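J.: Sequence:
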Amino acid sequence: MLSLVKSVKGQVLNAEKLYVEVDWRKPVVKRKNHQAAAKDHDGQLDALAREALNCQQCSLSGKRKNVVFGDGNPSARIVFVGEAPGADEDEQGLPFVGRAGQLLTNIITAMGLERKDVYICNILKCRPPGNRNPLPDEIRLCEPFLRQQLRLIAPQVICALGSFAAKTLLQTETPITALRGRFHMYEGIKLMPTYHPAYLLRNPPAKKQVWEDVQLIMKEIEPGRPS
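Our numbering applies: residue 1 is where the sequence shown begins, and numbers increase by one.
Keep in mind that the hints were calculated from the coordinates and are not lab data.
Watch out, some of these pointers could steer you wrong.
What the hints assert, rightly or not - Taking lysine-lysine and the BS3-like style, the derived pairs with C-alpha atoms no more than 30 Å apart in a straight line are:
#, residue 1, residue 2
1, LYS167, LYS208
2, LYS167, LYS65
3, LYS167, LYS190
Claimed, not checked - Each pair of labels, with its calculated beta carbon distance range:
#, residue 1, residue 2, range
4, LEU170, GLY93, 25 to 35 Å
5, GLN215, GLU114, 17 to 27 Å
6, GLU91, GLY188, 34 to 44 Å
7, ARG99, ASN133, 14 to 24 Å
8, LYS208, ASP137, 12 to 22 Å
9, GLN215, THR177, 16 to 26 Å
Treat the numbers as computed from the prediction; the structure is a model and nothing was measured.
Don't be surprised by glycine CBs; every beta carbon is placed ideally from N, CA and C.
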């Protein structure tokens, strides 16, 4: 079904009207499409979430209000991966609910989607004090949760939001400015690095580059989409 996506002018990005023709909720082809497999898949993700809720591997566990495991469609074709929860996320136990989260929601809306159509998570599941950058040991201890999340969800595309997410997933020190704008591979899944929404709040001109990256993701999901 061909649907007209409203212009995102006045929201987050200055883009033309887009046409998107795709069933975003359709399970990825490689995943078995029957009820038993779906139940087992969701059960494994729930079990991983419970494991994260009980995690005390690093000092962040003693300072958190909530573990922010992830949120969205467990069979999503697109997974957005950020850096770490902030104060609002720690309070609510959900990823990207503050100002940066609203901006991400606007981006998702501009793609013709809703948050329930995608999956959103972070490298770290607990908030670093004062919203400081994640430490190497914190990333090392928490990253296995993310890797298992991505294996279970098995998206078609991963969008790494910001330098920490991109560098962690791609195991590189290359700056985000050089990584964005093209696809990389992560365990057989195409990965698009782009700027973090929090960076866009401080640097609005970078929204144009993010929209370019998002359009590449949309074309990957639906190759025949008009430009």
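J.: Each hint should be assessed against the structure and marked as holding or not.
T.: A quick look at each hint next to the structure:
{"no.": "1", "hint": "LYS167 to LYS208", "in the structure": "holds (22 Å)"}
{"no.": "2", "hint": "LYS167 to LYS65", "in the structure": "holds (27 Å)"}
{"no.": "3", "hint": "LYS167 to LYS190", "in the structure": "holds (15 Å)"}
{"no.": "4", "hint": "LEU170 to GLY93: 25 to 35 Å", "in the structure": "holds (28 Å)"}
{"no.": "5", "hint": "GLN215 to GLU114: 17 to 27 Å", "in the structure": "holds (19 Å)"}
{"no.": "6", "hint": "GLU91 to GLY188: 34 to 44 Å", "in the structure": "holds (36 Å)"}
{"no.": "7", "hint": "ARG99 to ASN133: 14 to 24 Å", "in the structure": "holds (19 Å)"}
{"no.": "8", "hint": "LYS208 to ASP137: 12 to 22 Å", "in the structure": "violated (36 Å)"}
{"no.": "9", "hint": "GLN215 to THR177: 16 to 26 Å", "in the structure": "holds (18 Å)"}
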